[in-house]
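Q: What follows is each chain in one-letter form.
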Amino acid sequence: GAVVSQHPSWVICKSGTSVKIECRSLDFQATTMFWYRQFPKQSLMLMATSNEGSKATYEQGVEKDKFLINHASLTLSTLTVTSAHPEDSSFYICSARSSLSPSYGYTFGSGTRLTVV
Amino acid sequence: AQSVTQLDSQVPVFEEAPVELRCNYSSSVSVYLFWYVQYPNQGLQLLLKYLSGSTLVKGINGFEAEFNKSQTSFHLRKPSVHISDTAEYFCAVGGGADGLTFGKGTHLIIQP
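If you read the sequences in order, they're chains A and B. Going by this note's numbering, the first sequence runs without a break in its numbering and finishes at 117. Going by this note's numbering, the second sequence runs without a break in its numbering and finishes at 112.
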């Protein structure tokens, strides 16, 4: 079945530094990738949608200059949290979808726990 | 616009008892409905999905859900739960080219 690999699974960084999170579709081409954020004991909130080769579409309230998304190939999307601050600490999850998938499935990565100290 | 309401934030159930987790949705377009399970510090695992066809959908781990268009519901059920079913369950709706809209989640607690 479709597999999405997300790395790293956890990261601790100092305030003011940048962190890059990778999301790879291993056995299918992901024409669309989604990035979600989940605070403790809360639901997933969609941050942005990226289509291969085009600029990401950000949800209202999400700072595009802070959360840089690159979807340069059909198998890789990256989320870079720039100048991270403690309030950016959260669980980030990516999801990939192939337009060729007959089951219209969304496959999720295993998530990245970001802690900014 | 789409929205999902999970009516119960927490559901305690005794082991081997049946359980129903409730989900209601609203959408202005044709919907695809999903249930996911999340274990602590992990990503989401798809339990089942409704795209079209039969309104009764069977998923993994003995779960099933029924799509009810008139009541705009997609409740998740399992006839007999196990300790290992303790987790957070999310109902989600999707349609078109957008990402999924999730409910707030229901924490299923299995009591021995």
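If you're looking for bench data, these hints aren't it; they were derived computationally from the structure. Treat the hints with care, since some could be wrong.
[Stated by the list, open to error] Restricting the straight-line Cα-Cα distance to at most 20 Å, the calculated cross-link-like pairs of lysine to any residue (SDA-like) are: (1) K41(A) - Q71(B); (2) K41(A) - V11(B); (3) K20(A) - D98(B); (4) K64(A) - K49(B); (5) K69(B) - S26(B); (6) K104(B) - Q60(A); (7) K49(B) - Q60(A); (8) K104(B) - K20(A).
Q: Taking the hints in turn, state whether each one holds.
A: Hint check results:
1. K41(A) - Q71(B): violated (28 Å)
2. K41(A) - V11(B): With a Cα-Cα distance of about 15 Å, the restraint between K41(A) and V11(B) holds, given a limit of 20 Å.
3. K20(A) - D98(B): Since the Cα atoms of K20(A) and D98(B) sit roughly 24 Å apart, the hinted pair is violated (cutoff 20 Å).
4. K64(A) - K49(B): violated (31 Å)
5. K69(B) - S26(B): holds (10 Å)
6. K104(B) - Q60(A): holds (19 Å)
7. K49(B) - Q60(A): violated (27 Å)
8. K104(B) - K20(A): Not OK: K104(B) and K20(A) at ~27 Å, beyond 20 Å, violated.
In summary, the numbered hints that this structure violates are 1, 3, 4, 7 and 8.
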